[in-house]
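With these hints in hand, go ahead and build the complete structure from the sequences.
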Amino acid sequence: AQSVTQLGSHVSVSEGALVLLRCNYSSSVPPYLFWYVQYPNQGLQLLLKYTSAATLVKGINGFEAEFKKSETSFHLTKPSAHMSDAAEYFCAVSYTGGTSYGKLTFGQGTILTVHP
Amino acid sequence: SAVISQKPSRDICQRGTSLTIQCQVDSQVTMMFWYRQQPGQSLTLIATANQGSEATYESGFVIDKFPISRPNLTFSTLTVSNMSPEDSSIYLCSAGERSQYFGPGTRLLVL
Numbered sequence: 768a769q770s771v772t773q774l775g776s777h778v779s780v781s782e783g784a785l786v787l788l789r790c791n792y793s794s795s796v797p798p799y800l801f802w803y804v805q806y807p808n809q810g811l812q813l814l815l816k817y818t819s820a821a822t823l824v825k826g827i828n829g830f831e832a833e834f835k836k837s838e839t840s841f842h843l844t845k846p847s848a849h850m851s852d853a854a855e856y857f858c859a860v861s862y863t864g865g866t867s868y869g870k871l872t873f874g875q876g877t878i879l880t881v882h883p
Numbered sequence: 004s005a006v007i008s009q010k011p012s013r014d015i016c017q018r019g020t021s022l023t024i025q026c027q028v029d030s031q032v033t034m035m036f037w038y039r040q041q042p043g044q045s046l047t048l049i050a051t052a053n054q055g056s057e058a059t060y061e062s063g064f065v066i067d068k069f070p071i072s073r074p075n076l077t078f079s080t081l082t083v084s085n086m087s088p089e090d091s092s093i094y095l096c097s098a099g100e101r102s103q104y105f106g107p108g109t110r111l112l113v114l
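Chains as they are written, first to last, in this note's numbering: chain A, 768 to 883; chain B, 4 to 114.
Relax, there's no trap hidden among the hints.
Computed from the model, here is a short list of chain B residues facing chain A with C-beta under 10 Å:
#, residue
1, T33
2, F36
3, L48
Calculated from the structure, these hints are not laboratory results. Using N, Cα and C, we set each Cβ at its ideal position, and we do this for glycine too.
Following this line, the structure appears as structure tokens:
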């Protein structure tokens with residue numbers, strides 16, 4: 768079975784500071800990994816994805832994530848936080864084959880607060 | 004990427020009634036899924052909407068409570084049946100191949 772753990776349900780940073788949101792996964796087969804962002808009263812927007820190509824993945828809005836197999840991690844970073852980054856972020860994993868192909872298992876989410 | 008729309012965007016319903024949520028994708032996709040997001044929680048997969056066959060439900064979800072239709076490769080519906088206040092959630096559909104794109108969600112409040 769696959770699972771995702773997001774360390775820290777709330778993260779607070781100052782505007783201009785580094786953003787680091789942690790995600791660790793468990794999967795018995797090579798996974799696909801995703802980061803989504805959810806703004807208040809909106810659906811989920813795909814930030815970036817890892818699908819077994821380059822381990823450093825760049826996404827939208829200046830975010831990037833690095834797949835580290837040895838650490839089973841897929842942490843999300845952004846060098847300089849902006850007020851508009853305040854939202855809830857979800858890490859998700861999916862199987863790459865079989866009957867579970869495409870199904871997403873989500874972490875519990877991390878609420879990012881950005882202070883002026 | 005796929006653009007996904009859902010109707011209704013929100014609704015307030017009385018207990019014991021049913022609500023059907025529609026999901027439309029702007030292109031043909033093989034995979035469509037329905038998720039539930041309970042208040043303050045993460046997303047949980049309800050079922051896979053299979054085109055031309057019965058939906059595949061996850062543990063804890065049953066067809067009588069959440070019947071799903073998938074008449075073609077761009078459209079699906081989810082019905083929340085015999086609703087109770089515990090069904091108050093955001094219901095989201097997703098679609099795509101290697102990546103899943105999400106609709107805006109349907110915010111349901113059951114009184």
